[in-house]
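Work out the full structure, taking the sequences as your base and the hints as a guide.
Here is how the chains run, residue by residue.
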Amino acid sequence: MFKRTQNINLSLIKGIELEATKYCDVVSLALGTPSFDTPDCIKRRVEVALKKGLVAKYSLSPGLPELRELIEITLAKENMYYDWQKEIIVTVGAIEAISATLLTITNPGDEVLIPDPTYTSYRDAIIMAGCKPVYVPSIEKNNWSLNIKAFSKAITPKSKVIFFCNPNNPTGTLYSKESLLGLAEIAERNNLYIMSDEVYKDFILNDDYDDKSVFSLAENVNLRKRVIRIAGFSKMYAMTGWRVGYMHSDASIIQEILKVHDVLVTCAPVVSQYAALGGLEMAQKDVQYFKNEFKKRLDLICLRLDRLSEYFSCDRPDGAYFMFAKMLKEKDSKVFAFDLLKKAQVAVVPGISFGPSGEGYIRFNFGVKEEFINKAFDRIEKYFGI
Amino acid sequence: MKCLLRPLLRIYLKTLVKLAIFIHRPVVVAVAGSMNKHIAKEAIVKELLYCKIDARAGRRGFNTDIGLPLTVLNLPSGFNSYKDWRRTVIIAPRVIFKKMERVLVLEFGISEVGDSQYLLSIVKPQIIVITEITARYIENFKNTDQIIREYECLVTNINEDGLVVANIDNLNIRKLVLSVKAPLITFGFNVKADNVIDSVGVRTTGQSVIIKTSDKSQCLNVDRFGKHHAYAAVISQIVLKYFLSNDKSVQKKTKV
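Chains as they are written, first to last, in the numbering used here: chain A, 1 to 386; chain B, 1 to 256.
Each hint should be verified, as a subset may be incorrect.
[Said to hold, decoys possible] Here chain A is said to cover these stretches of chain B; the calculated rule only asks that three of the stretch's residues, wherever they fall, bring their Cβ under 8 Å from a Cβ of chain A: (1) 22 to 30; (2) 135 to 141; (3) 221 to 229.
Note that these hints are calculated values from the structure, not bench results.
Note that the coordinates shown come from a computational prediction; the quantities given were computed from them, not determined experimentally.
Where a beta carbon is used, it is the ideal one built from N, C-alpha and C, also for glycine.
Right, dumping it as structure tokens:
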């Protein structure tokens, strides 16, 4: 009916969630939402803004100056130096940043290289921009690390962007500095842009890594005109419903993306921008609490999956709050996910929705409360007749 | 409960700060303005420390009434936790006897009528830097002139041997400087400034800022991007120069 939407699919994650609404007692480990409520300090910050009548009007298109200034200060602590006045845009979540960036830096027909498996909505955002997603299989046996050689081989004259999520959704893999620099070298050699989506960077759950282990290509000043970094507040401060995120890059790129951002949304919701401001100012303890809770939940889901070792095998993720488990007895992840939903009322995401390499896998979100993890796995055990 | 505790806490912290300042007598540099205070403050401290002048930057202030005392005493905020506030309140009296840095560089946040008066009642700065005056917080004022008057209160209350450092690229600050009676040094891209930012060259690793004064031209390399960092670099040079030529204890230490 409409040419532009012909090849865009409602993601399987949302499809599963929609299907789940047909059942009355579903336990969902599908949607990537943390269980926590937005911290009180953020709510109070918003209350003050509401009382003062600050949220009823548009903000400047790139966002509230005070928020962008604070983002610059926060980034500088992580060795990323960007000018808040010209190089930072506050967006409607990370997904708007992704769409606005793709619409700006690509031309219809360009190819965008993405690791396989990766976040399901990338494919559709790329297609919406009139481009072609090119899946580059990651190295499964090495906890889904980036396959630099495969990226190099996948380059064609139409290649325009390398786009990845770090830590990756759904695998939870934290890409090494070495592999990221490998990608950067390919990008330099072939004059490509790099889009780095880092919305889960605050949730590194592997104790072998500290904060310094998280490397971003946006730290490299020589790559400023090539790297567009996307970050968010949704996951960090349990603010998925507020829809606010941000992006940064060199002014020459950001000023062009700003035009598209303005056309798409005018500005991010001002009330949410004040919430983000509150988060950056006051919610660091809450982030630490969330991280500790995710670690506990990771231990729990590992324990529960160990009891199902006949049916699933998996590696502990480095970060994010997803467990990407290989099915040992089933092959079709979509068939399994819908069957599990129908028979056990447990919603999970089929691995195929994250790319061809994800087939045979299932993604479990362990960002939900422990009682729901237990309830879901009790039902899964029953489903398998244990 | 909270309504009662906050004024009590304010009085308690204010008293301790006044006592600490009486004991240690630090030189206070206040950085005020609608934006870029933090970046200017960090640049000043970096430059002073580089020249071995014992200085500390106050943490980024979240509110005027409690934020400034906490930052002078170098104490953490309890935010919304009574437990954390209790800890802060208990350790505060001990902190005032600890060694304090020679120079404190503090952000003066002005968001409401009366903020300047209140801040000045806690600490009296030797140097006041005004970065920008915009319509930010206009909702708390009648109009822009009232915002300027609030800053006027700051700059007119400075000692004769103090210094006002002002960005005259900003129209509101240009109005403000007319009321300054203390020594004044202006900066900006405006050719009428005492310290003119002649050019800003963007490099891969940062910016080169050329500053011209009546007697010399200086090139500063800044490893950050944006006009506000060029401003911060100039501000830090002006403040440093003031300390090197006016503050006797600093002269002794640096043997200038």
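Legend entry - Violated hints, by number in ascending order, as checked against the structure: 1
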